[in-house]
Amino acid sequence: MLSRLGWLLLALAGAAAWGVLALHRGETISAAWLVLAAVGTYLVAFRFYSRFLADRVFGLNDRRATPAERLNNGRDYVPTSRWVLFGHHFAAIAGAGPLVGPVLAAQFGYLPGTIWIVFGVVLGGAVQDFIILFGSMRRDGKSLGQMAKEETGPVTGLLAMVAVLAIMVILLAVLALVVVNALRDSPWGVFTILCTIPIAILMGYWMKVWRPGRTLEASAGGVVLLMLALVGGRYVAESPVLAPLFTHSGLTIAYGMIAYGFIASVLPVWMLLCPRDYLSTFMKIGTILLLALGILVLLPPLQMPAITRFVDGTGPIFAGKLFPFAFITIACGAISGFHALVSSGTTPKMLTRESDARYIGYGGMLMESFVAVMAMCAAAVLDPGIYFAINAPLATLGGSVEAAAVTIRGWGFTVSPEQITALAGAVGEQSLLSRTGGAPSLAVGMAYIFSGAFGQGLMALWYHFAIMFEALFILTTIDTGTRVGRFMLQELAGHIWKPLGRTSWYPSIIAASALVVTGWGYFLVQGVLDPLGGINSLWPLFGISNQLLAAVALCVGTTLLIKSGKARYAWITLLPLAWVLLVTLTAGWQKVFAADPRLGFLAHAALTAQQVAEGVLDPARGARLIFNDRLDAVVAIAFMLVTVLVVLSWAREWVLVLTRRKPARVQESPFVETAYVG
Amino acid sequence: MWASSGRALRPAISGLLSAVRRIAGMPDYAAHLEHLRRCHPDRTLPSEREFYEEYVRARYADGPTRCC
Chain A
1 MLSRLGWLLL ALAGAAAWGV LALHRGETIS AAWLVLAAVG TYLVAFRFYS RFLADRVFGL
61 NDRRATPAER LNNGRDYVPT SRWVLFGHHF AAIAGAGPLV GPVLAAQFGY LPGTIWIVFG
121 VVLGGAVQDF IILFGSMRRD GKSLGQMAKE ETGPVTGLLA MVAVLAIMVI LLAVLALVVV
181 NALRDSPWGV FTILCTIPIA ILMGYWMKVW RPGRTLEASA GGVVLLMLAL VGGRYVAESP
241 VLAPLFTHSG LTIAYGMIAY GFIASVLPVW MLLCPRDYLS TFMKIGTILL LALGILVLLP
301 PLQMPAITRF VDGTGPIFAG KLFPFAFITI ACGAISGFHA LVSSGTTPKM LTRESDARYI
361 GYGGMLMESF VAVMAMCAAA VLDPGIYFAI NAPLATLGGS VEAAAVTIRG WGFTVSPEQI
421 TALAGAVGEQ SLLSRTGGAP SLAVGMAYIF SGAFGQGLMA LWYHFAIMFE ALFILTTIDT
481 GTRVGRFMLQ ELAGHIWKPL GRTSWYPSII AASALVVTGW GYFLVQGVLD PLGGINSLWP
541 LFGISNQLLA AVALCVGTTL LIKSGKARYA WITLLPLAWV LLVTLTAGWQ KVFAADPRLG
601 FLAHAALTAQ QVAEGVLDPA RGARLIFNDR LDAVVAIAFM LVTVLVVLSW AREWVLVLTR
661 RKPARVQESP FVETAYVG
Chain B
1 MWASSGRALR PAISGLLSAV RRIAGMPDYA AHLEHLRRCH PDRTLPSERE FYEEYVRARY
61 ADGPTRCC
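Residue numbers (my numbering), protein chains in the order written: chain A, 1 to 678; chain B, 1 to 68.
Keep in mind that the hints are not guaranteed to be accurate.
Here are some, though not all, of the chain B residues that point toward chain A, as calculated from beta-carbon distances under 7 Å [to be verified]: (1) Ala24; (2) Tyr29; (3) Pro64.
Every beta carbon over 12 Å from chain B, so not counted as near; a handful from chain A, in silico [what the hints assert, rightly or not]: (4) Arg4; (5) Arg47; (6) Phe86; (7) Gly87; (8) Lys208; (9) Phe282; (10) Ser355; (11) Gly519; (12) Ala578; (13) Pro619.
Just so you know, the hints here were simulated from the structure itself, not pulled from any lab data. We put the beta carbon where it would ideally sit given N, CA and C, even for glycine.
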C-alpha cells in the first residue's frame with residue numbers, strides 16, 4: 001500500500017514537472033524541471049512497463065539457466081553481477097550519438113527534443129534494446145545478424161548486413177566531421193588529440209610487452225598522461241613557435257583522420273585500438289558522472305526558449321520541420337538501432353539471471369536517454385545567440401563576428417560581436433563561429449556548468465577537456481568502426497572469392513581497410529567542402545540510417561514475439577516500428593524530393609546547375625556539388641529501399657506464421673534448470 | 001592494526017578492481033585461472049601474457065563492441 005502511494009506521488013511529481021515545462025513558455029526555468037520530468041517518467045516506466053514486458057510478454061524465468069551459467073568459460077561467458085554488467089553495458093552503448101543529436105535538435109527549442117528523448121526511449125528505444133538482449137540471451141548470445149538469418153533466411157540476413165555496412169560508412173563520416181569542426185584552427189585541441197596516439201601506443205606496449213595483462217595500471221598511467229597533454233595544450237596554443245605547427249585547416253585534419261583510420265584498422269588491436277578503447281571508456285564514464293554532478297549541483301537556468309520559431313523548417317543548423325526532423329536528429333538517446341548490435345554482442349553472455357535482462361536492457365537504455373537529456377540541458381543553458389553563433393554554417397552567418405551578430409539578431413536573439421569574441425577568448429580559441437556538430441557547443445555548455453559547479457576561472461581548461469573527451473571516443477569509434485566495416489566487407493567478399501574472406505590475410509586486410517576508409521573519407525571530405533557545412537546533409541542521413549537499423553531490430557523483435565505465440569503482444573514492437581518507419585521514410589523522402597533547395601538534395605542540385613548556367617558559380621565546383629547532391633539522394637533512396645524490402649520480407653513471414661502456413665517455432669536454446677539457488 | 005585491517009580490505013579491493021575491469025571490458029586473469037582450475041583441472045594454465053593476447057584478439061574480432 002505504502003509503495004503504491006510512493007509510486008503515485010512519483011508519477012504526480014513527474015507529471016507536475018512536465019506541466020511546469022509546458023506552461024512556463026517564454027520565461028527562463030531551471031534545468032531541475034527537465035531532470036525531474038525525465039527521471040520521474042523513467043522510474044514509473046521502469047517499474048510498470050518494463051515489468052509488464054519481463055513478466056507477461058517475455059516470460060523471463062529465473063529457473064532457466066542463462067548462457068553465462070551453461071557455457072561459462074571464464075572469459076566472455078561469465079556470470080556477472082547485475083550492477084557491474086549494467087556499467088559494462090552502459091559503457092558499450094553510450095557514445096557521441098546521445099550527446100551530439102540533442103545539441104543539434106536544440107534549434108527547435110529544448111521541449112520538442114526532450115519529449116521525444118523521454119517518451120521515445122520509454123516506448124521505443126528501451127523496448128528494442130530489451131527484446132534484442134532477451135532474444136540473444138535465449139540463443140546463447142547470438143548476434144542480431146545471426147538471429148535474423150536463423151529466424152527468416154539468408155537473404156534477409158544478408159540485407160541486414162549490407163544495411164549495417166552502409167550505416168557504418170555514413171556514421172563514421174559524420175562523427176569524423178564533428179571532430180574536424182571542433183579541431184580546425186585549434187592548436188590546443190589538435191595537440192591534445194594527437195597526444196592520445198603515442199599515449200595509447202605506450203599503453204599498448206605496457207599491457208602486452210612490459211607488464212603483460214596489467215590493464216588497470218596502464219590505463220591509470222594513460223589517464224594521467226592525457227591530463228598532462230590537456231594542460232600542455234594551452235602552452236602549445238600560446239607559443240608563437242609551436243602554435244602554427246598544430247594549427248590546421250579542416251581539410252588537412254580530415255585527410256589526417258582518414259590516414260589514421262586506415263593505419264588503426266591495419267595495425268594489431270593490442271597496439272592502438274584496445275588501449276584507446278580502455279582510455280576512452282574511463283574518460284566517458286568519468287565525464288558523464290561529472291556532467292550529471294555538475295547539472296544536479298548547479299541546476300542551471302535554461303536560456304533557450306522551450307520552442308523556437310525554427311519549428312517551421314527554416315532553422316540554420318539543419319533544414320526541415322519539427323516533424324519529422326526532430327525525430328531524425330535525435331536518434332541515439334531515444335531509439336538507436338546500433339544498440340541492437342551491441343545488445344547482442346558481449347552483454348547477453350554475462351547475464352547471471354534472466355530477470356537481470358530487464359535492468360540491463362531496459363534500464364541501461366533509460367540511462368543513455370538521461371545522458372541525452374543532460375546534453376540537451378548543456379545546450380539549453382547557453383545563450384541562444386551564442387548557441388546559433390557556434391552552430392550555424394558560416395555561409396549563413398556571414399564571414400565575421402559582426403555580420404554573425406546582425407544575422408542572429410535578425411532571428412530574434414540578442415548577441416553582440418564582443419560577446420562572441422569574449423567567449424572564444426575565454427575558452428582559448430581564435431573563433432567559435434560555425435563550429436557545427438554539437439561537440440563545441442556541448443563543450444561550451446559543459447565548461448559553463450563545470451566552472452559554475454567546481455569553481456570559476458578554468459573555463460578554457462574545461463572547454464578543452466570536453467572537446468578532448470568527445471574527440472577521444474569519436475576517434476575510438478572510428479578505429480573500431482573501420483575495423484568492423486573491414487571485417488564485414490571481408491566476409492561479403494569471401495562469398496565471391498574465398499581468400500578475400502580470410503581476416504588475417506594481409507592483401508585482403510589492406511584492400512578492405514582502404515575501401516572502408518575511402519567510403520567514409522569521401523563523405524567526410526565532401527562534408528568539409530560543403531558550403532552549408534556538411535552536418536546539414538550528413539547528420540540527417542546518419543539519423544535516417546540509424547533509425548532504419550532500429551526498424552530492422554524491431555522487425556526481428558516482432559518476429560520473435562509472433563513465432564513464440566505471443567502475437568497478441570506484438571504491438572509493443574509494432575508501435576515503435578510504425579513510428580520509426582513513418583518518421584524515417586518521410587524524412588528520407590523530403591531530403592530527396594523536397595522543392596526547397598535547403599532541404600531537398602535534388603532541388604539543391606537543380607539550384608546549383610542554375611547558378612552555374614548564370615555564371616555565378618565556378619563550373620568545376622558546381623559539378624562537384626551537383627554530383628554530391630545526387631550521391632546523397634541515391635544513398636537516401638537506397639536506405640529507404642533496403643528498409644522497405646526488409647520490412648516486407650518480415651511482414652510476409654509474420655503472415656505465414658499467423659495463418660499457420662508456417663510453424664510458429666523459435667530457435668531458442670533448450671531449457672536447462674539453473675543450479676543457482678535463491 | 002594496520003596489517004590486520006589491510007588484510008581485511010584486500011578482498012574488497014580486489015573485488016572492486018575486478019568489477020572495474022569487467023565494466024571496461026578488460027580481461028580478468030585471476031578469474032580465468034580460477035575457472036580453469038575448477039572446471040578443467042587437466043588443462044595447462046596459460047601465462048598472463050598468453051591469456052591477454054588471446055582475450056584482446058577475440059574481443060575485437062567480430063561485431064562492434066561500442067556504440068556511436
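Here's how the hints hold up against the structure:
1. Ala24: 5 Å, holds
2. Tyr29: It holds, given that the least Cβ distance between B:Tyr29 and chain A is near 5 Å, below 7 Å.
3. Pro64: 5 Å, holds
4. Arg4: 34 Å, holds
5. Arg47: 25 Å, holds
6. Phe86: 9 Å, violated
7. Gly87: Violated, because the least Cβ-Cβ distance between A:Gly87 and chain B comes to about 4 Å, which does not exceed 12 Å.
8. Lys208: 7 Å, violated
9. Phe282: Given that some Cβ of chain B is not farther than 12 Å from that of A:Phe282, nearest at about 7 Å, it is violated.
10. Ser355: Holds, since 20 Å exceeds 12 Å.
11. Gly519: 16 Å, holds
12. Ala578: With a cut-off of 12 Å, A:Ala578 remains clear of chain B, as the shortest Cβ separation is near 24 Å.
13. Pro619: 37 Å, holds
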